[in-house]
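So the protein sequences, as listed, match chains A and B.
Going by the working numbering, the residue at position 20 of the first sequence is 20; the numbering climbs one at a time, nothing skipped.
Going by the working numbering, the residue at position 90 of the second sequence is 90; the numbering climbs one at a time, nothing skipped.
Just so you know, these hints were derived from the structure itself, not from any lab.
Where hints are given, some of them may not hold.
[What the hints assert, rightly or not] Straight-line distance between alpha carbons at most 30 Å, and here's what the computed BS3-like set of lysine-lysine pairs gives:
#, chain 1, residue 1, chain 2, residue 2
1, A, Lys67, A, Lys38
2, A, Lys3, B, Lys130
3, A, Lys178, B, Lys119
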Amino acid sequence: MIKSKHLIEIGDVTNDEIYEILENAKTFKEINDRPIKKLPTLRGKTVINLFLEPSTRTRSSFELAEKRLSADSLNFSASSSATVKGESLLDTAETFDAMKVDMVVARHKYGGYCRILADHMDARIVNGGDGIHQHPTQTLLDLFTMQERMGTVEGKTVGIIGDIVHSRVAGSLAPALKRLGARVIFIAPPSYLPAVPAALGAEVSHSLDAVLPELDVVYLLRIQGERANGLSVPSLREYSMLYGMDSRRMAKVQKDALIMHPGPMNRGVEITPEVIADPRAVVLDQVNAGVAVRMSVMYMMLGGEDDGAAA
Amino acid sequence: MKRAPGFEPYKRNFLQMPLPCGEGFSFKEVLLMAETVKATILNEADVQRTLVRIAHEIVESNGGAHGLALVGIVTRGDALAHKLAEIIQSIENEEVPVGTLDISLYRDDIGSKLSPVLKRTEVNFPLEEKTIVLVDDVLFTGRTIRAALDALMDLGRPRCIRLAVLVDRGHRELPIRADFVGKNVPSAYQENVRVRVTPFDEVNSVEILEAPAPDHSPGLDPAGGERR
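Produce the complete structure using the sequences and hints provided.
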């Protein structure tokens, strides 16, 4: 049971709730390995996937989670919705509300979009990534993958490398890791760092080579050209030489460390194909965890009140 | 059942008081703690004798232990299934596979109620061509068993499914009956039947608890729900 009505920021869930989501996700992961991947759990619930920004992983992952829990789901994308005809956010929200939906999974290029929806709708809102703000379900699946591989994140050192200032993934992940007792280091050129990294609970380094041996998790981010109106580094080639993971740098990584990436990856920029093929890279485990974690979130948000029954 | 040391049952108004047992207890557990035992139906030795009888009946109806598998519904049904499997093995000298089923995701009252932490479902053998004996502690409304049947069907297609319960307390809301019953216990709808099974609890016993006073029973919806 999640106390908060919406899941817009990672701060909407307590540490205990995070652990509960991850625990339940183990059950859903097992169901995703069955020949019949279907549960009747959310029969009769309606979920709208309102993705006003392109998405492969997140949208299909949410959609699969909804279908495997037997919820009815509808997909809206930017090109097919009335927003291209000039409908305002508010009108869109009220339209969906009038259709009596139970949950809206929303993604938009502006941070705060989900908050606006939440303020004007009765439905529960799950943030599927809003601008450069937050992406809480990505954080939950990242935590699941780390926990699965390392047992716990407490006491571990996680390096987040790349375009941090434009990254909603880092916006949710860094504070969550900090809260759960991990050490977070942002590793990026100054132009890609937020103004106050400490506000996200992170230390800062400008040298990947220097901190690489300390890291338990190497979390790579994509350079988000579409948000920055171009690059904030002289060239991708230079960025790649200083902050990209390649086989030369892999030699410095601890032998039981994890290489993670939220996708989509730009091969040859922040990560080379050899690194993706390394057994320490768990990018596809992250995708796999995504469906289970999102099933867990929806079960706990749409499942009604905790009656204290053991089963 | 977790119990707080030195806990005094409150007869009235205990809902308004701070929980004397501290954190970590569900409301239902506190309610059960606050109730007094009206009658003990089965004691330690009775439970053991009853399980031995059920085990014999299962083996008899199946004509041996061949093709037999037990599936317990978490958490106490699971503990009972393991006990039954042990007894069957001692009778027939044949190992019987045991699985665990968590029916939380198949409940018909999701939307109003929810099991907070899911338990694992582990059925590590193919159900095809097997006689599955579903094991639970108390048979009451039948809704748990309905959910368990659906959950089992999603795992495979067994040859047949039988039902074994330690206690049948009546008040069925669905057309479901048990094939193997430990004890029929006529009970009032408002009463609670408490089953304790090792290793989940410290002892093996079946007791009827005094019904809570009607004006102090929020959360216990007479129209159904998870009461047992």
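These are the hints, each one checked on the structure:
1. A:Lys67 with A:Lys38: Holds, at roughly 8 Å.
2. A:Lys3 with B:Lys130: violated, 43 Å
3. A:Lys178 with B:Lys119: holds, 28 Å
Comparing the model with each earlier hint shows a violation of hint 2 alone; every other hint is respected.
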